[in-house]
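Peer 1: This is what each chain is made of:
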Amino acid sequence: MIAQLDSTVARPEITWDGLLPILTLGVGALLLVLFRSLMKQLPKAAADQAVPVIGGVTVIAMWVVGGFAGTDVPLAGLRDGLGDPVFFLGLLIMVGLGGWFAQYLRLSVDAALTVMIGLTSLAATWGVWTDRYEIDGAFGLVGDQLGADGFSLVITGVIASAIVLVALLLDDYLEREGMAGADMYVLMLFSGAGGAVMASANDLIVLFLALETLSIAVYVMAAMHMRRSESQEAGLKYFVLGAFSSAFLLYGIALTYGAVGSTNLIVIADFLEQNRLVEDGLLMAGMAMLLVGLGFKVAAAPFHAWTPDVYQGAPTPVVAFMASAVKAAGFAALVRVFVTTFADHADDWQPAVYALAILTLVVGSFMAIVQRDAKRMLAYSSISHAGFILVGVQAASNEGVSSVLFYAVAYTFLVIGSFGVLSIVSGEGDRGTSLDHLDGLSTRRPALALALTVFLLAQAGVPLTSGFVAKFAVIGAAVEARSYWLAIAAMVTAVVSAFLYLRIILSMYLGQAEDDAPTIRVPRAAGLAIIVALVITVGFGLVPGELDDITRDAIPVLIAAG
Amino acid sequence: MILAELALTSPYYLVLSALLFATGATGLLIRRNPLVMFMCVELMLNGVNISFVAFGADLNDVGGQISVFFVLVVAAVEVVVGLALVVAINRRRSDATADDVSLLRG
Amino acid sequence: MSDFLRSYLTVGIFGLIGVALVGVFLGLGKILRPNKPTLAKTEAYESGVEPTGDMWSQANIRYYVFALLFVMFDVEAVFIFPWATRLEAYGTFGLIEMAIFIFILLLGLLYAWRKGVLKWA
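Chains as they are written, first to last, in our numbering: chain F, 1 to 562; chain X, 1001 to 1106; chain L, 2001 to 2121.
Bear in mind the hints are in silico, worked out from the structure with no lab data behind them.
No residue lacks a Cβ here, since even glycine has one placed at the ideal position from N, Cα and C.
Be aware that one or more of the hints could be misleading.
Stated by the list, open to error - Derived DSS-like pairs: lysine-lysine, alpha-carbon spacing no greater than 27 Å straight-line: (1) K2030(L) - K2041(L); (2) K2115(L) - K44(F); (3) K40(F) - K2041(L); (4) K40(F) - K2030(L).
As the list claims (entries may be wrong) - Just a few of them, taken from the derived set where beta-carbon distance is under 10 Å, the chain F residues facing chain X: (5) Q145; (6) L209; (7) Y251; (8) A254; (9) G261; (10) N264; (11) R552.
Said to hold, decoys possible - Stretches of chain X that chain F covers, calculated by requiring three or more beta carbons in the stretch to come under 8 Å of a beta carbon on chain F: (12) 1020 to 1031; (13) 1040 to 1052; (14) 1069 to 1081.
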């Protein structure tokens, strides 16, 4: 006998407009796969014409999708502007300029499409922020399994920007290494979609799935360079340690589920607020496991061992993506799970994060000094930056969360710029990544040397750059939370790592380039990415007010299951 | 404030789950054959699955079993990607153990 | 017989029919087919691999790609079974959901095919 089950199941409420930033990335990746499956080889002439068209379509797509994401009727502008010749003239000029610019960059079709998808997602994020979030506050997506709050929107915006800039870097890199094709871009878009879901996850299982989507794509990206053994080795190492850490994270989720009875973040938070567990061993073990799992992802010491190897071996633009988007998504998960969900158990996890932060700061800055390879060195420096962000997490306050966001945004552009310059300088096969190859860069390519100088100074936290404001905010949050020793440790290690950045800068300006050093070709697209990163780094350093306001508005909240 | 105590009826399942997880973790750290390492990852994930099912039965909640579905799929996907990496490395070299893979210092 | 055991009776009958069917068809084949054994024909069939030799012989690496694709699609079916039991309850919404899910899977297969992964040579 088959039991009569209830006839209908309530359909989960999908808030399409709020989902658009994530949807753009995910569906964009799928469309790119479909497009590349149907059109394996594009004739050269068609490819040349496709790129300006994509430029024009980007302008329209940003406008339409950005409108859809907000509460505005998307075509309201068109409707109101009908019959107004100035409106159409303006639109034509914008589309034309977009097309001309896309052609000027000499992008490949895949890269142009990826840039388009990234920019459209960015516009959608902006639309949700201005038209929904600022008016209605946070709201749930997909049956409240995801939540769109300021925090997730900022991280989504960071990931979308990272995708755009890394796609610009990748274009020439893939051409140079003979790896041209859509694979890398598709993986990056999938990974970015996973990261965006991870930042907005409202359930631990959703968080785990998103983390796996993010990571598995990046494992493959790290191993994509088929002719460099180091790349495949990096991919395998990253894979094994990544799988190890996800298993820990999952065990943490299971134990938390056992202790609390739900994997939904708001149910967990409410339960912990109203109840005090008599035997909290399960919960403590669960929290510890979650911390280990996420600690691996953000490369916090002592779980950092994979970072230098993977960063050295993986293709340089991929490293830029790993250090920016993947790290930002990891910290988003850390903040959402610990600061927001386990807020009532802050006394239990704060000491652990305190220890992690100090260890990470010390390992990152001191190990970086002894490195001879620029990529390894920047890997250790990224570990020390993770330490700084952990200082903000440790504060477990709204100031702390704002400073974490500010740091994540600032660091994204810093690190993409730094690795972008390295990717250009290191030449074919990523061979020239040793520090000696940077000797005398100022005479060979003064503009590149200047750009790298600014990025390194910003990483050191020199005033007038975004790095300074970010470090200031993080240390301020630590002082506010009365973690004075942590603040002091952060300042001391900042000075230690400043030595190392200065060493590179000195060798660029005072060192002698070898006479037979190959000429460095700066592709237009990569140049544009570096200029954008440079403008943002200096811009947020000079006028941090705008970003500061945004990060203060972007406190994560949990969406109640409806 | 309510004092909550969850009565766990299944400590044996949890012990088994922890043992499997620990076996997998240890194996992953000490074995050098990538294929064995992937098996260890599977062991860790399936150890967690036992926890999920045991907790789900205890809490009388279907969520625990649903989680297992997702974990199963993630485990399969991880192994597929891992094996693909090994195959890619194998195409370049005759055999692959984690010790051979040591061009990178550290 | 208790209700619980009786509900397993269906399974038992199902199994018996399965065994009987296979037996009938194999028996029919035995009766109808001509019997002319040669050396190659009497060897055990193992997907075209030499059935004798060292136990630790290396499998061709090309098998892996197919195995990987198989594992992927095999495991994704885990989502389809629970969905199928409640299809009526989910209605059109559920149908569209699953269509999207399968479309994404097929997209992967299409990409693999166009990449030439499915060719043996």
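Peer 1: Looking back at the numbered hints, which does the structure fail to meet, lowest number first?
Peer 2: 3, 4, 5, 11
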